[in-house]
Amino acid sequence: MIAKLFGGRMAALLGKEFAQIGRDKRLRISLILPPTLQLLLFGFALNATVDNLRLGIVDFDHSRESRDLIAAMTQSGAFRSAGAFTSAETLGTGISQGKVDAGIVLPVNFSKDLHRGHQVGVQVLLNAMNANTAAIAQGYTQGVLGTWNQVMLKSGSLHARFTQIGAVPRDLRGIVTLHPAFIFNPGLVSSWFVVTGTFGLLLILNGSLVASAAMVKEREAGTVEQLLMTPAGTGEIIVAKIAPLFVLLCGMVLFATTLIKVVFQIPFRGNLVIVFLGAALCVLCGIAIGTFLATFTRTARQAQLMSFFVNPPLSSLSGALTPVEAMPHWMQPLTILNPIRHFGVITRAALLKGSSIDILWPNILALAAITLVLLSLSVWRFRKQLG
Amino acid sequence: MRRILAQARKELIQITRDKLALTLALVLPIALLMLLGSSISLSVTELPLVVQDLDNSAASRSLLEAFRNSLTFHVVAWPVNKPPMEAFTANEARAALIIDRGFGRALARGGDAQAQILIDASDSNTAKLIQGYSSQIVNAWNSTAGGAQRLLPVKALIRLWYNPGRVTKKFYGPGIFVLGLSMFPPLLAALAMSREGEQQTLLQVYVSSIPAHQFLLGKILAFMVIGFAEWVIMLGLLFTYFGLSFAGDPTPFFVASILYFFCVATYGTMIGAAIPSQAAAIQAVALGGFLLVFLLSGLIFPVENIPPGLRWISNFVWGRYYMEIVRDALLEGGGWAAMWFNVLVIGIIGGVFFLLSWRRMRRMQLSI
Numbered sequence: 001m002i003a004k005l006f007g008g009r010m011a012a013l014l015g016k017e018f019a020q021i022g023r024d025k026r027l028r029i030s031l032i033l034p035p036t037l038q039l040l041l042f043g044f045a046l047n048a049t050v051d052n053l054r055l056g057i058v059d060f061d062h063s064r065e066s067r068d069l070i071a072a073m074t075q076s077g078a079f080r081s082a083g084a085f086t087s088a089e090t091l092g093t094g095i096s097q098g099k100v101d102a103g104i105v106l107p108v109n110f111s112k113d114l115h116r117g118h119q120v121g122v123q124v125l126l127n128a129m130n131a132n133t134a135a136i137a138q139g140y141t142q143g144v145l146g147t148w149n150q151v152m153l154k155s156g157s158l159h160a161r162f163t164q165i166g167a168v169p170r171d172l173r174g175i176v177t178l179h180p181a182f183i184f185n186p187g188l189v190s191s192w193f194v195v196t197g198t199f200g201l202l203l204i205l206n207g208s209l210v211a212s213a214a215m216v217k218e219r220e221a222g223t224v225e226q227l228l229m230t231p232a233g234t235g236e237i238i239v240a241k242i243a244p245l246f247v248l249l250c251g252m253v254l255f256a257t258t259l260i261k262v263v264f265q266i267p268f269r270g271n272l273v274i275v276f277l278g279a280a281l282c283v284l285c286g287i288a289i290g291t292f293l294a295t296f297t298r299t300a301r302q303a304q305l306m307s308f309f310v311n312p313p314l315s316s317l318s319g320a321l322t323p324v325e326a327m328p329h330w331m332q333p334l335t336i337l338n339p340i341r342h343f344g345v346i347t348r349a350a351l352l353k354g355s356s357i358d359i360l361w362p363n364i365l366a367l368a369a370i371t372l373v374l375l376s377l378s379v380w381r382f383r384k385q386l387g
Numbered sequence: 001m002r003r004i005l006a007q008a009r010k011e012l013i014q015i016t017r018d019k020l021a022l023t024l025a026l027v028l029p030i031a032l033l034m035l036l037g038s039s040i041s042l043s044v045t046e047l048p049l050v051v052q053d054l055d056n057s058a059a060s061r062s063l064l065e066a067f068r069n070s071l072t073f074h075v076v077a078w079p080v081n082k083p084p085m086e087a088f089t090a091n092e093a094r095a096a097l098i099i100d101r102g103f104g105r106a107l108a109r110g111g112d113a114q115a116q117i118l119i120d121a122s123d124s125n126t127a128k129l130i131q132g133y134s135s136q137i138v139n140a141w142n143s144t145a146g147g148a149q150r151l152l153p154v155k156a157l158i159r160l161w162y163n164p165g166r167v168t169k170k171f172y173g174p175g176i177f178v179l180g181l182s183m184f185p186p187l188l189a190a191l192a193m194s195r196e197g198e199q200q201t202l203l204q205v206y207v208s209s210i211p212a213h214q215f216l217l218g219k220i221l222a223f224m225v226i227g228f229a230e231w232v233i234m235l236g237l238l239f240t241y242f243g244l245s246f247a248g249d250p251t252p253f254f255v256a257s258i259l260y261f262f263c264v265a266t267y268g269t270m271i272g273a274a275i276p277s278q279a280a281a282i283q284a285v286a287l288g289g290f291l292l293v294f295l296l297s298g299l300i301f302p303v304e305n306i307p308p309g310l311r312w313i314s315n316f317v318w319g320r321y322y323m324e325i326v327r328d329a330l331l332e333g334g335g336w337a338a339m340w341f342n343v344l345v346i347g348i349i350g351g352v353f354f355l356l357s358w359r360r361m362r363r364m365q366l367s368i
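Which chain is which? The protein sequence lines are B and G, in order. Numbering follows the working numbering, with no gaps: position 43 of the first sequence is 43. Numbering follows the working numbering, with no gaps: position 182 of the second sequence is 182.
If you're looking for bench data, these hints aren't it; they were derived computationally from the structure. From a predicted model like this one, the values you see are computed outputs, not experimental measurements. C-beta: ideal position from N, C-alpha, C; glycine also. Hints are supplied without guarantee of correctness; some may be wrong.
[Unchecked claim] To spell it out: a stretch of chain G is covered by chain B in this simulated footprint if at least three of its residues, at any positions, have a beta carbon under 8 Å from a beta carbon of chain B; those stretches are: (1) 78-90; (2) 153-165; (3) 237-243.
[What the hints assert, rightly or not] Pairwise CB distance ranges (calculated): (4) B:Arg298 / G:Tyr241: 31 to 41 Å; (5) B:Thr258 / G:Ser143: 33 to 43 Å; (6) B:Val151 / G:Ser143: 17 to 27 Å; (7) G:Arg61 / B:Val151: 29 to 39 Å; (8) G:Gln204 / B:Val263: 30 to 40 Å; (9) G:Tyr241 / B:His159: 46 to 56 Å; (10) B:Gln385 / G:Leu203: 27 to 37 Å; (11) G:Arg109 / B:Asn271: 34 to 44 Å.
[Unchecked claim] With a cut-off of at most 20 Å between alpha-carbon atoms, the simulated DMTMM-like pairs for lysine to aspartate or glutamate come out as follows: (12) G:Lys19 / G:Glu46; (13) B:Lys99 / G:Glu304; (14) G:Lys155 / B:Asp59; (15) G:Lys155 / B:Asp113; (16) B:Lys217 / G:Glu198; (17) B:Lys154 / G:Asp112; (18) B:Lys154 / B:Glu225; (19) B:Lys112 / B:Asp51; (20) G:Lys82 / B:Asp358; (21) B:Lys384 / B:Glu225; (22) G:Lys155 / B:Asp358; (23) G:Lys155 / B:Glu325; (24) B:Lys99 / G:Asp249; (25) B:Lys217 / B:Asp24; (26) G:Lys10 / G:Glu196; (27) B:Lys99 / B:Glu89.
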């Protein structure tokens, strides 16, 4: 059986497909160039870090304390000074014209009130157009002011009313200090999240593009009939078409993994075998999607245009670039059907957290199931067309 | 002028005949805006939080209650004797709150009580949000239940401008709007132009009396019309589903939109003229229309976050300027004073594209 498979027809068919792909220069380029470019661009350009926000300053008080607070704000790294404004109005115009991202207004009598024992309200204006930046900047601001309060209280230069324990008796008189500790990525490197997500994205998207181009080629050239006239069965033709693509795309997986390790220095804490297993399934999945699309089209142009319909939902419902938890609730269950989502979970958990197979098996299983369904669907369509 | 209009009419007729192209032009922008506009978000809610209360006092339970009541977290049961790290590797929690023994007693004495929050930072942005939210919860608890009835010297009065509810789709909606306009009109334009090259119908144009610039303008006009149609549909969606409205003087937005239609239609035509193969032209447009606009124009994250080695490219990305204008018109309302430069740049980039495609056409004419 095996000798028959690999000795005769099958070997000849495989030889033909490999030779065809070997001669296709554009295919070889499209296997290396776009994935590299995408991985680098996504990894470097999609950076969630919120720092160096331009802070406009309105200081009506001009005292030692007000300058000290401004220094604390601008030294935090989250904000940098974008110059002084004369009034709250000009600051407002500055924000609306996009010259500054945030503003702080220190009132007249700022230091006097502090020494008199009155609480002072400091107005902080944030451009909340970008909700994420605003949420993080809000956290920063409260953190900086909180620390500043503590430092001032400890220094003892303020009015005694701030340090005495309140008049209302309570049974809990202390305060809780929360100590955050960042696990797995203490430097909070943004690219680790994006790159591990993009990996699956580019396997599926490029895989399907390459596959649909390869599948539609024979039809465009009108040589399908010749292939059908040979004694080879449709099953053999399909396997011979898929096998070389699979081998080539697995090469792309190795290349992308190297890139991830060398350029982005992502720690490989877990078992790489799990990642490669997931990647191989992803590649098959991509081929299946591409083959499926190719059966609906007659030309390379149509096949490529079809991908415009499939890629947006595939990529946006994947959690590859933004966390799934941030999607609307009705959308989140849909991601279970998405192979990119499962592969993203696998790479992130295995590479960054060192999770093992006994935790990741549901994702592998789901990925395998999706691959199987898509693959049999596309083979069925393909066979029907050949027959 | 008559010839330009005739050329534009011919293009539009060709598009209405091609069903695939027509859906691409009119249905896909809506689907894209709805799908991406609502799915791209970084505001996480209901993050699973593991709690290990080793103190189990009234005080610690009250603090946990505060975490339980927040929208950001939902508390997951976790045995006290199991290390919380395992919850992270098992993807069952994003953070773990640990309250040590003696927590309640320290609070009652009036001292500082310690609590630790371990945060899974494999997603750094979410980790930062968790840090901010959890400290806000603790601060609020300190001042209501704990001993922070002590008067704090300085209190932050934070005002969130333009998007006080921090609604993410109000920010990403306009971004996807620009992405759609940067993708589909040039895609169709490139297809139409490269088809003329592929099917050699360009020769017919050369033997006709129409000069290169009129031929180009006719084509561009047709795809500007397509762009305008998409603009109307998507703007309608922004005003209804995304709950946006004009924040200030919309005239810079209108002027910039017309220039932007010209810019993207010309970009597509230029690509189509340069690459006389439809399949390759699609890829080139996908690179410029999708990848550059999606990554280098501040759609998801601010342009300032891109490392300087890449950031300079964004100065040439036309979508970036238009995105700033759209967001200004719908959220900030800075008007002409803030946006005149962006309008100018879009016009210049469109002009450059036109010159390039015109030169290309002229050269092709000479070579035949």
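Hint check:
1. 78-90: Coverage by chain B holds here, the residue count being 4 at a Cβ distance below 8 Å.
2. 153-165: Check passed, 12 qualifying residues.
3. 237-243: Answer violated; 0 residues pass the 8 Å Cβ test.
4. B:Arg298 / G:Tyr241: 31 to 41 Å: Given range 31 to 41 Å: holds, Cβ gap about 36 Å.
5. B:Thr258 / G:Ser143: 33 to 43 Å: 52 Å, violated
6. B:Val151 / G:Ser143: 17 to 27 Å: Cβ of B:Val151 to Cβ of G:Ser143: about 19 Å, so the range 17 to 27 Å holds.
7. G:Arg61 / B:Val151: 29 to 39 Å: 32 Å, holds
8. G:Gln204 / B:Val263: 30 to 40 Å: The hint (30 to 40 Å, Cβ to Cβ) is violated, given that G:Gln204 and B:Val263 are roughly 50 Å apart.
9. G:Tyr241 / B:His159: 46 to 56 Å: 53 Å, holds
10. B:Gln385 / G:Leu203: 27 to 37 Å: 35 Å, holds
11. G:Arg109 / B:Asn271: 34 to 44 Å: 49 Å, violated
12. G:Lys19 / G:Glu46: 43 Å, violated
13. B:Lys99 / G:Glu304: 13 Å, holds
14. G:Lys155 / B:Asp59: 16 Å, holds
15. G:Lys155 / B:Asp113: 12 Å, holds
16. B:Lys217 / G:Glu198: Judged against 20 Å, a Cα distance of about 17 Å means the pair holds.
17. B:Lys154 / G:Asp112: Roughly 14 Å between the alpha carbons, so the hint for B:Lys154 and G:Asp112 holds.
18. B:Lys154 / B:Glu225: The given pair, whose Cα atoms are some 87 Å apart, is violated under the 20 Å limit.
19. B:Lys112 / B:Asp51: 32 Å, violated
20. G:Lys82 / B:Asp358: Since the Cα atoms of G:Lys82 and B:Asp358 sit roughly 17 Å apart, the hinted pair holds (cutoff 20 Å).
21. B:Lys384 / B:Glu225: Holds, because 14 Å separates the two Cα atoms, which is no more than 20 Å.
22. G:Lys155 / B:Asp358: 49 Å, violated
23. G:Lys155 / B:Glu325: Since the Cα atoms of G:Lys155 and B:Glu325 sit roughly 32 Å apart, the hinted pair is violated (cutoff 20 Å).
24. B:Lys99 / G:Asp249: Holds - the C-alpha atoms of G:Asp249 and B:Lys99 are around 18 Å apart, at most 20 Å.
25. B:Lys217 / B:Asp24: 11 Å, holds
26. G:Lys10 / G:Glu196: 13 Å, holds
27. B:Lys99 / B:Glu89: 14 Å, holds
When the structure is compared with the earlier hints, violations turn up for hints 3, 5, 8, 11, 12, 18, 19, 22, 23 and for no others.
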